[in-house]
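Residue numbers (our numbering), protein chains in the order written: chain A, 1 to 321; chain B, 1 to 321.
A hint or two may mislead.
To be verified - In silico lysine-lysine, DSSO-like type, Cα no more than 27 Å apart, as pairs: (1) B/K296 with A/K155; (2) B/K185 with A/K289; (3) B/K274 with B/K241; (4) A/K185 with B/K284; (5) A/K274 with A/K36; (6) A/K298 with B/K185; (7) A/K135 with B/K135; (8) A/K43 with A/K107; (9) B/K296 with A/K95; (10) A/K307 with A/K284; (11) B/K307 with B/K132; (12) B/K185 with A/K284; (13) B/K185 with A/K296; (14) B/K274 with B/K219; (15) B/K185 with A/K185; (16) A/K95 with B/K298; (17) A/K185 with B/K241; (18) B/K132 with A/K155; (19) B/K298 with A/K185; (20) A/K107 with A/K36.
As the list claims (entries may be wrong) - Estimated spans, in silico, between C-beta atoms of each pair: (21) B/G133 with A/I127: 32 to 38 Å; (22) B/R216 with A/H93: 55 to 61 Å; (23) A/E207 with B/K289: 24 to 30 Å; (24) B/V233 with A/E226: 54 to 60 Å.
Said to hold, decoys possible - Here are a few chain B residues that sit away from chain A, every Cβ distance over 10 Å (derived from the structure): (25) T18; (26) E54; (27) K55; (28) D67; (29) H102; (30) L110; (31) K211.
The set of hints was computed from the structure by calculation and includes no laboratory data.
All C-beta atoms, glycine included, are put in the ideal place defined by N, C-alpha and C.
2 protein chains.
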Amino acid sequence: MSTTPSSKLVIGIDIGGTGTKFGIVNQEGEIIAQDKIPTNSEKPVNIFVDNLFEKIHPLIESNGGIDNFLGIGMGAPNGNIYTGNIEYAANLHWKGIVPIAHLVSEKFGLKTSLTNDANAAAMGEMIYGAAKGMKHFITITLGTGVGSGIVIDGKIVVGNDGFAGELGHTIVRHNGRLHPLTGSKGCLEVYASATGVRQTAIEFLQEDASKHSLLRNYKEAELTSETVYDCAVQGDEIAKKVFDFTGEILGEALANFVMFSSPQAIILFGGLTKAGSFIMTPTKEAMEKNLYQVFKNKVQLVFSNLKESDAAILGASALVF
Amino acid sequence: MSTTPSSKLVIGIDIGGTGTKFGIVNQEGEIIAQDKIPTNSEKPVNIFVDNLFEKIHPLIESNGGIDNFLGIGMGAPNGNIYTGNIEYAANLHWKGIVPIAHLVSEKFGLKTSLTNDANAAAMGEMIYGAAKGMKHFITITLGTGVGSGIVIDGKIVVGNDGFAGELGHTIVRHNGRLHPLTGSKGCLEVYASATGVRQTAIEFLQEDASKHSLLRNYKEAELTSETVYDCAVQGDEIAKKVFDFTGEILGEALANFVMFSSPQAIILFGGLTKAGSFIMTPTKEAMEKNLYQVFKNKVQLVFSNLKESDAAILGASALVF
Chain A
1 MSTTPSSKLV
11 IGIDIGGTGT
21 KFGIVNQEGE
31 IIAQDKIPTN
41 SEKPVNIFVD
51 NLFEKIHPLI
61 ESNGGIDNFL
71 GIGMGAPNGN
81 IYTGNIEYAA
91 NLHWKGIVPI
101 AHLVSEKFGL
111 KTSLTNDANA
121 AAMGEMIYGA
131 AKGMKHFITI
141 TLGTGVGSGI
151 VIDGKIVVGN
161 DGFAGELGHT
171 IVRHNGRLHP
181 LTGSKGCLEV
191 YASATGVRQT
201 AIEFLQEDAS
211 KHSLLRNYKE
221 AELTSETVYD
231 CAVQGDEIAK
241 KVFDFTGEIL
251 GEALANFVMF
261 SSPQAIILFG
271 GLTKAGSFIM
281 TPTKEAMEKN
291 LYQVFKNKVQ
301 LVFSNLKESD
311 AAILGASALV
321 F
Chain B
1 MSTTPSSKLV
11 IGIDIGGTGT
21 KFGIVNQEGE
31 IIAQDKIPTN
41 SEKPVNIFVD
51 NLFEKIHPLI
61 ESNGGIDNFL
71 GIGMGAPNGN
81 IYTGNIEYAA
91 NLHWKGIVPI
101 AHLVSEKFGL
111 KTSLTNDANA
121 AAMGEMIYGA
131 AKGMKHFITI
141 TLGTGVGSGI
151 VIDGKIVVGN
161 DGFAGELGHT
171 IVRHNGRLHP
181 LTGSKGCLEV
191 YASATGVRQT
201 AIEFLQEDAS
211 KHSLLRNYKE
221 AELTSETVYD
231 CAVQGDEIAK
241 KVFDFTGEIL
251 GEALANFVMF
261 SSPQAIILFG
271 GLTKAGSFIM
281 TPTKEAMEKN
291 LYQVFKNKVQ
301 LVFSNLKESD
311 AAILGASALV
321 F
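Let's have the full structure, built from the sequences with the hints guiding it.
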């Protein structure tokens with residue numbers, strides 16, 4: 001512990017449903033080293049912690065050793081800032097309550113803080129990204145699932161129990177599409193995620209079975225939000241309709257969020273944002289259409305300008321700084 | 001200004017779509033005098049301010065005169081705490097931006113603060129009512145319209161522009177019932193207000209035209225949430241179905257609000273709560289059904305124990321104290 005405070009580093013970890021990304025972050029908010037491992041949550045959590053240690057330990061050693069580190073900040077689905085536990089995460093196979101902050105802290109010998117992955121990303125946006133200087137905004141991750149981080153008066157909203165901001169699970173279509181992991185019907189996540197876009201494409205191809213579409217050149221397993229985007233760029237009507245449908249639902253949901261907390265901006269990030277104006281245009285239109293008068297034409301709807309993994313790693317590291 | 005601070009009084013005013021209630025509130029939070037006038041917002045706002053002064057001035061005189069008053073706190077639909085204006089209120093006939101706090105302050109010669117009527121009620125609940133001691137809760141007014149006040153970390157959420165918490169205007173049924181005043185389709189207010197319950201009763205009677213119902217003993221103009229309740233108490237099936245339908249929509253909406261801010265409690269007040277368990281039971285069931293796992297069986301759903309007008313008058317007065 002002989003180094004000066006300014007030279008201290010933090011490890012930021014972003015645990016996702018599929019992969020876990022991590023980086024060494026300095027006090028200037030620069031990621032000076034980063035890597036990733038598969039989350040493999042179908043295996044016991046101890047194996048995950050061991051794998052994490054195996055990859056990160058050499059980075060610690062090559063960056064001045066353990067004494068040069070202030071701690072570890074982690075973001076994870078259903079990560080609870082109050083308890084340090086991942087609790088009942090639908091997108092992870094670890095069941096029930098997982099004391100991940102405790103396990104990581106024991107393994108590394110470093111103070112470890114946890115928050116929701118989407119909240120970590122929102123913190124990253126606030127400190128380093130599109131929401132720099134804003135006190136009221138919402139970030140929405142459009143990835144494998146739909147995550148959200150809500151900032152009011154410059155603070156992440158965690159609510160009474162640490163779980164606030166599960167906007168992907170809000171119901172947008174009564175009795176709508178089934179969420180295979182939660183059993184709910186018609187939540188935002190089953191429509192506005194990459195998985196949802198794929199599902200919509202499959203449904204539209206079936207409904208309009210006789211209509212020509214470039215999407216039919218792909219096997220069903222190859223249909224992803226990327227392939228739908230590729231077809232939309234080439235002018236494919238069904239592909240464009242998939243984004244219009246997705247944007248209409250997403251925009252309606254965003255209007256509801258605006259009428260809750262009246263933010264300055266909504267920042268979208270995650271895989272689906274690669275569809276650019278194909279998703280932005282119908283989303284914005286539906287949002288404005290559904291807003292109550294006093295909110296119309298006030299809220300910036302923008303894509304994040306941070307790399308997705310960077311936002312979460314930086315935000316997680318901010319838990320420690 | 002010779003009285004001691006502890007003897008100072010405040011005027012709390014609750015401007016509603018139909019009537020305006022007001023009271024003299026002391027520092028113990030007691031309403032020591034109260035009265036009401038019709039809002040009559042189809043007439044110019046100056047006439048309203050004059051009427052208000054005419055009724056309140058004698059109360060000021062009989063309570064120690066103007067020097068004994070700290071100020072005026074007001075709640076109004078779309079009342080903006082930042083500007084003191086009522087802005088584009090759908091339930092009032094005054095159009096556009098009405099500088100009500102300024103007008104009242106000029107007329108009375110007292111410092112005047114304004115907030116959203118539902119936020120005033122939430123403040124009343126927090127200081128004197130069911131939410132005493134809570135830091136995270138939401139109040140929902142089920143009256144002529146549907147209002148809401150959101151408290152996070154012990155503070156009313158007003159958002160970037162002062163208009164946060166318009167939950168009655170959130171969309172709960174895509175392309176649903178038209179809101180005659182806003183033009184939106186399927187918002188919570190058109191279903192879960194007294195007006196909405198009346199509309200649902202009319203629709204159900206038409207849809208099931210051959211089915212016996214006590215509701216048919218009333219002329220259409222007499223159908224209100226009270227008459228529907230009276231019939232439900234007597235076991236009328238259509239009347240009970242009206243509340244089941246209303247509760248299903250309301251509960252789904254409440255689930256969405258919980259997944260936003262994760263409150264300890266949701267407090268319902270307003271005319272519709274007189275329907276007691278007819279509205280509470282289906283609402284609670286739908287709320288729990290639509291909640292994401294981590295939120296289930298955690299949130300108290302209760303009726304306010306304050307008189308509706310008291311909550312808003314007390315809350316408005318708290319703006320000054």
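Now for the hints, and whether the structure bears them out:
no.	hint	verdict
1	B/K296 with A/K155	holds (25 Å)
2	B/K185 with A/K289	holds (10 Å)
3	B/K274 with B/K241	holds (16 Å)
4	A/K185 with B/K284	holds (17 Å)
5	A/K274 with A/K36	holds (22 Å)
6	A/K298 with B/K185	holds (21 Å)
7	A/K135 with B/K135	holds (20 Å)
8	A/K43 with A/K107	holds (18 Å)
9	B/K296 with A/K95	holds (16 Å)
10	A/K307 with A/K284	holds (22 Å)
11	B/K307 with B/K132	holds (15 Å)
12	B/K185 with A/K284	holds (17 Å)
13	B/K185 with A/K296	holds (16 Å)
14	B/K274 with B/K219	holds (22 Å)
15	B/K185 with A/K185	holds (21 Å)
16	A/K95 with B/K298	holds (20 Å)
17	A/K185 with B/K241	holds (22 Å)
18	B/K132 with A/K155	holds (23 Å)
19	B/K298 with A/K185	holds (21 Å)
20	A/K107 with A/K36	holds (18 Å)
21	B/G133 with A/I127: 32 to 38 Å	holds (33 Å)
22	B/R216 with A/H93: 55 to 61 Å	holds (56 Å)
23	A/E207 with B/K289: 24 to 30 Å	holds (29 Å)
24	B/V233 with A/E226: 54 to 60 Å	holds (58 Å)
25	T18	holds (20 Å)
26	E54	holds (31 Å)
27	K55	holds (29 Å)
28	D67	holds (36 Å)
29	H102	holds (19 Å)
30	L110	holds (27 Å)
31	K211	holds (24 Å)
When the structure is compared with the earlier hints, no violation turns up for any of them.
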